[in-house]
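Generate coordinates for the entire structure from the input sequences, incorporating the hints supplied.
Number of protein chains: 2
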Amino acid sequence: MSLHYLLRLTGKWLDGTGSCSDIVISSRVRLARNLEGFPFPERADRRQLREIIQRVTQAVKNVPYLQGAVILHLNKLSRLDREVLMERHLISYEHATGEGDKAVIITEQETVSIMINEEDHIRLQCLQSGLELKRAFEVTNSIDNVLAEQLIYSFSPRYGFLTACPTNVGTGMRTSILIHMPGLVLTHKIQKLLQTVSRIGLFIRGLYGEGSDVMGNLFQISNQVTLGQSEIEIINNMEKVARQVVIYEQSAREDLMKNNRELVEDKVWRAYSLLRSARVINSEETLELLSAIRLGINLNIIKYIDIRTLNEILLLTQPAHLQMIAGKQLEASVRDIRRAEFIRKKLK
Amino acid sequence: MSLHYLLRLTGKWLDGTGSCSDIVISSRVRLARNLEGFPFPERADRRQLREIIQRVTQAVKNVPYLQGAVILHLNKLSRLDREVLMERHLISYEHATGEGDKAVIITEQETVSIMINEEDHIRLQCLQSGLELKRAFEVTNSIDNVLAEQLIYSFSPRYGFLTACPTNVGTGMRTSILIHMPGLVLTHKIQKLLQTVSRIGLFIRGLYGEGSDVMGNLFQISNQVTLGQSEIEIINNMEKVARQVVIYEQSAREDLMKNNRELVEDKVWRAYSLLRSARVINSEETLELLSAIRLGINLNIIKYIDIRTLNEILLLTQPAHLQMIAGKQLEASVRDIRRAEFIRKKLK
Chain A
1 MSLHYLLRLT GKWLDGTGSC SDIVISSRVR LARNLEGFPF PERADRRQLR EIIQRVTQAV
61 KNVPYLQGAV ILHLNKLSRL DREVLMERHL ISYEHATGEG DKAVIITEQE TVSIMINEED
121 HIRLQCLQSG LELKRAFEVT NSIDNVLAEQ LIYSFSPRYG FLTACPTNVG TGMRTSILIH
181 MPGLVLTHKI QKLLQTVSRI GLFIRGLYGE GSDVMGNLFQ ISNQVTLGQS EIEIINNMEK
241 VARQVVIYEQ SAREDLMKNN RELVEDKVWR AYSLLRSARV INSEETLELL SAIRLGINLN
301 IIKYIDIRTL NEILLLTQPA HLQMIAGKQL EASVRDIRRA EFIRKKLK
Chain B
1 MSLHYLLRLT GKWLDGTGSC SDIVISSRVR LARNLEGFPF PERADRRQLR EIIQRVTQAV
61 KNVPYLQGAV ILHLNKLSRL DREVLMERHL ISYEHATGEG DKAVIITEQE TVSIMINEED
121 HIRLQCLQSG LELKRAFEVT NSIDNVLAEQ LIYSFSPRYG FLTACPTNVG TGMRTSILIH
181 MPGLVLTHKI QKLLQTVSRI GLFIRGLYGE GSDVMGNLFQ ISNQVTLGQS EIEIINNMEK
241 VARQVVIYEQ SAREDLMKNN RELVEDKVWR AYSLLRSARV INSEETLELL SAIRLGINLN
301 IIKYIDIRTL NEILLLTQPA HLQMIAGKQL EASVRDIRRA EFIRKKLK
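Heads up: the sequence lines are chains A and B, in that order. Just so you know, we're using my numbering here: the first sequence kicks off at 1 and counts up by one. Just so you know, we're using my numbering here: the second sequence kicks off at 1 and counts up by one.
Honestly, the hints are just simulated from the structure, not real lab data. Among these hints, one or two may not hold up.
If several chains are the same, the list does not tell them apart, and a pair holds so long as it fits within one copy or across any two.
With a straight-line Cα cutoff of 30 Å, these simulated BS3-like cross-link-like pairs (lysine-lysine) come out [said to hold, decoys possible]: (1) Lys12 with Lys328; (2) Lys258 with Lys240; (3) Lys328 with Lys134; (4) Lys328 with Lys258; (5) Lys303 with Lys345; (6) Lys346 with Lys12; (7) Lys345 with Lys258; (8) Lys348 with Lys303; (9) Lys346 with Lys303.
Written out as structure tokens, the structure is:
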């Protein structure tokens with residue numbers, strides 16, 4: 001299975017299903033693992049990096065869940081292909097841009113990806129649509145169990161799994177959800193929520209990058225602590241917080257519809273018709289408008305678009321994807337035109 | 001003929017016809033006259049003001065052009081009715097809001113209005129669609145000639161017609177055109193044009209108010225000098241400048257279509273779909289969006305709306321008009337909803 005076959009589809013985690021999927025876009029669980037007897041990738045030489053890739057890919061062959069998965073060697077991919085993988089959340093920025101022997105294993109529906117030789121030897125992640133942290137954990141855990149039978153992990157009885165960065169030591173697990181909170185943003189309650197969530201030991205930020213502005217009312221909540229709690233405790237805690245946040249957001253949306261119905265409808269219909277009519281549009285604006293339409297669908301204002309279509313637009317109008325679709329490099333100004341064309345076609 | 005009958009229509013000067021009507025919205029000629037033997041309205045007493053109204057309305061009856069015109073006594077009108085007249089450019093802000101005995105005479109198609117007891121005893125104006133200053137002058141001049149046979153004007157052989165404000169002394173004439181210049185605004189050439197026009201003794205400003213921002217890319221060019229030039233010289237000079245400005249604007253539009261076609265089309269289609277979809281919209285945004293659509297019609301980007309419809313929206317979505325249509329006073333926030341409804345219906 002080739003990269004381009006894989007990428008014609010939208011990952012299953014963007015199909016708009018799962019628990020609380022009107023508010024929670026996706027859930028992600030990631031495990032960091034390292035092989036005993038090898039330096040962390042940063043300090044490993046070429047031969048060692050290749051050996052690590054060799055061992056991990058060999059072990060993967062025996063994991064039932066990963067049958068049919070594609071193995072990609074990043075130094076054999078073009079820059080554009082790597083950017084596409086990054087835009088699909090299958091590899092990290094570091095993995096897409098760094099030097100050295102690196103690989104990624106991706107399942108057909110893009111639910112699971114395993115980065116080899118990122119910061120750690122193994123970064124195993126599972127993405128699920130909606131609030132499905134337990135399901136995501138079950139998948140990573142079952143894969144991890146089979147891998148652990150074949151690979152010897154760096155493990156300390158005292159500290160747990162050893163990782164390149166101390167913040168990952170212990171469970172080596174990070175969980176996160178991508179959550180859409182236009183209600184709390186529009187009712188100006190978002191700041192208070194951000195503070196509350198931070199205070200209980202979770203980390204919350206806007207969708208793109210740590211320093212950037214929050215775009216499209218999309219937030220990521222993730223766990224900070226990997227040490228001193230079991231995986232199940234971490235998952236349960238995140239899940240509990242997520243359900244509470246969902247309730248806040250729902251109540252904010254109800255408030256809006258009760259007290260500012262015209263303004264919400266105005267926002268939704270303007271966004272919908274702008275996306276259907278724009279001839280030039282950048283990513284930020286696309287994200288903003290998609291957010292309003294998503295809200296409109298959730299609130300039953302717009303009835304004839306499904307979340308899957310929105311997610312496809314979200315994914316496929318990113319810079320590298322637009323260039324992959326065009327089959328060539330495109331300047332930003334040309335991309336803005338292609339993006340508008342693509343969206344108009346999708347929403348026709 | 002009642003006020004409400006009159007106001008169901010859009011004035012003929014907004015029908016989108018006339019010379020250069022893709023760029024010049026309308027032409028206006030106004031004459032200021034005062035009656036010999038009466039103080040200016042500011043200093044006249046009630047009896048004198050009534051006598052002036054009496055004499056002028058009597059004289060008007062003998063003007064063929066004014067047969068069928070309606071005579072409105074402003075102190076008998078509601079505040080809303082006066083605001084409506086002001087929004088239609090039939091009376092001035094001062095005439096709409098000031099105290100005392102005042103009247104206005106309006107022809108059926110709203111081409112001619114005569115304010116009685118504004119700053120001067122008589123303010124006679126003619127509005128024409130497009131660049132039709134000569135036509136507007138002919139109309140005011142022919143009416144003025146008949147009035148002059150029946151009324152004795154304050155006139156000095158040395159200074160010409162005497163007026164309450166010295167800036168009007170002489171011909172008592174002011175001419176202006178309302179001109180739409182999105183091309184020069186979008187290509188950033190407008191500042192240079194404004195300077196050039198000011199330097200040759202004409203006055204140029206944005207559509208609304210002297211201090212306000214230019215809205216909807218609409219500008220008014222008017223003559224400053226009423227003394228030392230004949231009426232025909234003033235008209236010819238304005239006409240010459242206006243034709244030059246029209247050529248600049250046309251050339252800016254051609255530049256835009258050659259070098260930034262996508263951006264222009266983007267602006268036009270966004271404006272069109274926003275007006276068709278907004279649920280809440282204020283006057284300023286309406287004006288901006290109408291400007292883009294007007295440009296789109298002129299450039300053949302949008303083919304299925306006519307200028308008359310745009311002008312109707314421009315006129316009828318003003319605050320007082322919206323309230324007149326609703327038959328009651330409306331708060332600004334409610335007007336914004338009604339305005340959006342009205343526009344959606346018009347553009348359906």
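Homomeric proximity label, Lys346 with Lys12: Cα distance no greater than 30 Å: Answer is within: at 19 Å inside a copy they meet the 30 Å cutoff, but 44 Å across does not.
Intra- versus inter-copy proximity for Lys134 and Lys328 (alpha-carbon distance at most 30 Å): Cα proximity of Lys328 and Lys134: none, with 40 Å in one copy and 59 Å across.
Same-copy or cross-copy closeness of Lys345 to Lys258 [CA-CA at most 30 Å]: So Lys345 and Lys258 pass the 30 Å test across copies only (25 Å; inside, 34 Å).
Identical-chain pair category, Lys348 with Lys303, by Cα at 30 Å: both (14 Å within a copy, 20 Å between copies)
30 Å Cα threshold - placement of Lys258 relative to Lys328: between (48 Å within a copy, 25 Å between copies)
Up to 30 Å CA-CA - Lys345 versus Lys303, copy category: both (18 Å within a copy, 21 Å between copies)
Alpha-carbon proximity between Lys12 and Lys328, which holds within one copy, between copies, both or neither at 30 Å: within (26 Å within a copy, 55 Å between copies)
Copy assignment of Lys346 with Lys303, given that the CA separation must stay at most 30 Å: both (15 Å within a copy, 24 Å between copies)
Homomeric proximity label, Lys258 with Lys240: Cα distance no greater than 30 Å: within (27 Å within a copy, 58 Å between copies)
Going down the numbered hints, you'll see the structure goes against just number 3.
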